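Model the placement of chains R and C on the given structure of chain S, informed by the hints.
Here are the chains, one letter per residue:
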Amino acid sequence: MAFRLIPKEEKFFADFIALADRIVSGATLLEKMLANDPPAWEVAVEIKQVEEACDSVTHEIIQRLNRTFVTPIDREDIHALAKSLDDVMDAIDAAAGVVRRYRIHTLPYGTRELASLIWRSSMQVKVAVEALEKKAGVHDAAVEINRLENAADTVHDEALRRLFEHEKDAITLIKCKEMLDLLELATDACEDVANALESVVVKHG
Amino acid sequence: MAFRLIPKEEKFFADFIALADRIVSGATLLEKMLANDPPAWEVAVEIKQVEEACDSVTHEIIQRLNRTFVTPIDREDIHALAKSLDDVMDAIDAAAGVVRRYRIHTLPYGTRELASLIWRSSMQVKVAVEALEKKAGVHDAAVEINRLENAADTVHDEALRRLFEHEKDAITLIKCKEMLDLLELATDACEDVANALESVVVKHG
Amino acid sequence: MAFRLIPKEEKFFADFIALADRIVSGATLLEKMLANDPPAWEVAVEIKQVEEACDSVTHEIIQRLNRTFVTPIDREDIHALAKSLDDVMDAIDAAAGVVRRYRIHTLPYGTRELASLIWRSSMQVKVAVEALEKKAGVHDAAVEINRLENAADTVHDEALRRLFEHEKDAITLIKCKEMLDLLELATDACEDVANALESVVVKHG
Numbered sequence: 301m302a303f304r305l306i307p308k309e310e311k312f313f314a315d316f317i318a319l320a321d322r323i324v325s326g327a328t329l330l331e332k333m334l335a336n337d338p339p340a341w342e343v344a345v346e347i348k349q350v351e352e353a354c355d356s357v358t359h360e361i362i363q364r365l366n367r368t369f370v371t372p373i374d375r376e377d378i379h380a381l382a383k384s385l386d387d388v389m390d391a392i393d394a395a396a397g398v399v400r401r402y403r404i405h406t407l408p409y410g411t412r413e414l415a416s417l418i419w420r421s422s423m424q425v426k427v428a429v430e431a432l433e434k435k436a437g438v439h440d441a442a443v444e445i446n447r448l449e450n451a452a453d454t455v456h457d458e459a460l461r462r463l464f465e466h467e468k469d470a471i472t473l474i475k476c477k478e479m480l481d482l483l484e485l486a487t488d489a490c491e492d493v494a495n496a497l498e499s500v501v502v503k504h505g
Numbered sequence: 301m302a303f304r305l306i307p308k309e310e311k312f313f314a315d316f317i318a319l320a321d322r323i324v325s326g327a328t329l330l331e332k333m334l335a336n337d338p339p340a341w342e343v344a345v346e347i348k349q350v351e352e353a354c355d356s357v358t359h360e361i362i363q364r365l366n367r368t369f370v371t372p373i374d375r376e377d378i379h380a381l382a383k384s385l386d387d388v389m390d391a392i393d394a395a396a397g398v399v400r401r402y403r404i405h406t407l408p409y410g411t412r413e414l415a416s417l418i419w420r421s422s423m424q425v426k427v428a429v430e431a432l433e434k435k436a437g438v439h440d441a442a443v444e445i446n447r448l449e450n451a452a453d454t455v456h457d458e459a460l461r462r463l464f465e466h467e468k469d470a471i472t473l474i475k476c477k478e479m480l481d482l483l484e485l486a487t488d489a490c491e492d493v494a495n496a497l498e499s500v501v502v503k504h505g
Numbered sequence: 301m302a303f304r305l306i307p308k309e310e311k312f313f314a315d316f317i318a319l320a321d322r323i324v325s326g327a328t329l330l331e332k333m334l335a336n337d338p339p340a341w342e343v344a345v346e347i348k349q350v351e352e353a354c355d356s357v358t359h360e361i362i363q364r365l366n367r368t369f370v371t372p373i374d375r376e377d378i379h380a381l382a383k384s385l386d387d388v389m390d391a392i393d394a395a396a397g398v399v400r401r402y403r404i405h406t407l408p409y410g411t412r413e414l415a416s417l418i419w420r421s422s423m424q425v426k427v428a429v430e431a432l433e434k435k436a437g438v439h440d441a442a443v444e445i446n447r448l449e450n451a452a453d454t455v456h457d458e459a460l461r462r463l464f465e466h467e468k469d470a471i472t473l474i475k476c477k478e479m480l481d482l483l484e485l486a487t488d489a490c491e492d493v494a495n496a497l498e499s500v501v502v503k504h505g
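Protein chains in written order, with my numbering: chain S, 301 to 505; chain R, 301 to 505; chain C, 301 to 505.
Okay, chain S solo, but in the shape it has when bound:
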């Protein structure tokens, strides 16, 4: 009979790491998709699959949470963390879906910068989530995620400014604006992850 070093409910940490890994995969695919003009539209299908895998893990986390009496971290924090991680992947998937749906051909200024910031942010999400169980190193990653979100905000604002200055076709403009807004939303969701993680650390500090 095996001796369990880790009580069963600690599986939450493994699930959060599984979610973070998938977010890094999604962000990597997004960068690849948007690397050239025209973007690799078909990659959106792969990103959708990663998003569906995230949905399943999130669903399992919530189900386990509802069945578990003693959780390693507060229930509300598990909920906020699962939701915010899921939101990151949803935003990445939605941005990719828009590029594919409208067959956007020429990516506007800011697209690749934002995709790169999302990827860097997703790597910090992974670092922070892995640091969670030992409650060390979360704060530094959270600070970096906040910094990346501010950088994304600035790029997004400048990207829209230039788009409205140069793009004279209103329909093209609508497509590009929707994509840029969703890319920025992904970095906002990373910030929500950082906030949820900081809550946990402060409570247990």
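Since the hints were derived computationally from the structure, they do not count as laboratory data.
One copy or two, it doesn't matter: identical chains are merged, so the pair holds either way.
With a straight-line Cα cutoff of 35 Å, these simulated DSBU-like cross-link-like pairs (lysine-lysine) come out:
1. K434 x K332
2. K332 x K311
3. K332 x K477
Predicted model only: the values in this text are computed from it and were never measured.
Here is chains R and C on its own, set in the frame of chain S:
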């Protein structure tokens, strides 16, 4: 002196059923409004009245929740359930309001399909909410709501693809896009209801 | 050694008042910015600074909440209140940012009416938050905030109706619509503040 078989706080179940009934009314009116070209714009006024009735019930639920010490289901679940039911009706009302505000004359592909999916989803919401008190049958309805939301996602994506392909007037396109987005949002909100209901059932399973 | 009349955790009330004060400052700057055509675009920079100050206070509230065992009002209410106050300022900042980003020159019908409703709503938010500690007077301010939100809804709907009727340039229309939507969002967020405050009062009533 009457003997109370049902403790007072069980009124929550009756309130949720009242909300679900109103959502079905709202979804039925929406289908009727959008049945023909041009849509029956004036029906939006009736839908707004249903939405205001939902607001009142939701407000009463929250007030009662704040005054009640022992609740039949977890406080956070009552809150999530009331909010998500209210969000369904808000999205239905917002979609109808947009059709009326812009006097949309010719409904784009996908509009009636989405209205039908919202109606079917609202019927499942009613089934699920009625099943809640006896905690049986909720899961099947929740699975069906999730299936309908996926179907709505596919219709919405295809509807926008076609809209951007065929509609050359940018202002008409903006109006139709806002309506299609709000219709899809209504099915998303139904999915949130399903998730909230599943949380309750798993905890008491 | 000083005798502490107010236990340390009561600092939450002072923080909420600090947030409300900043929201009034932000709303005052917004009205000033939008008073004439062309608007005073550079005021958006000042509004952004107020928004960043709000972010810091909100962050402190959440950190303190996570470190505090006994709170004067329910943890979930402190959280909801901090978040909704922060959302008001975010919406004000976003609306100002859009006016500046697009260098909107001629403000459409409804802009000044909405800015005025936001300012009046922010004043009631301040009244309500100051009334919180003594739990008297909150309800009247909440009712007034709800009334102002309904008024803003009506103005917003009429503003969009007129915009789509008169503005024939789709790109100008997109810019103005985004601004009007964000102004309306600020009054929605004030309503969330009112709801959060009413929850506290009902529980302690």
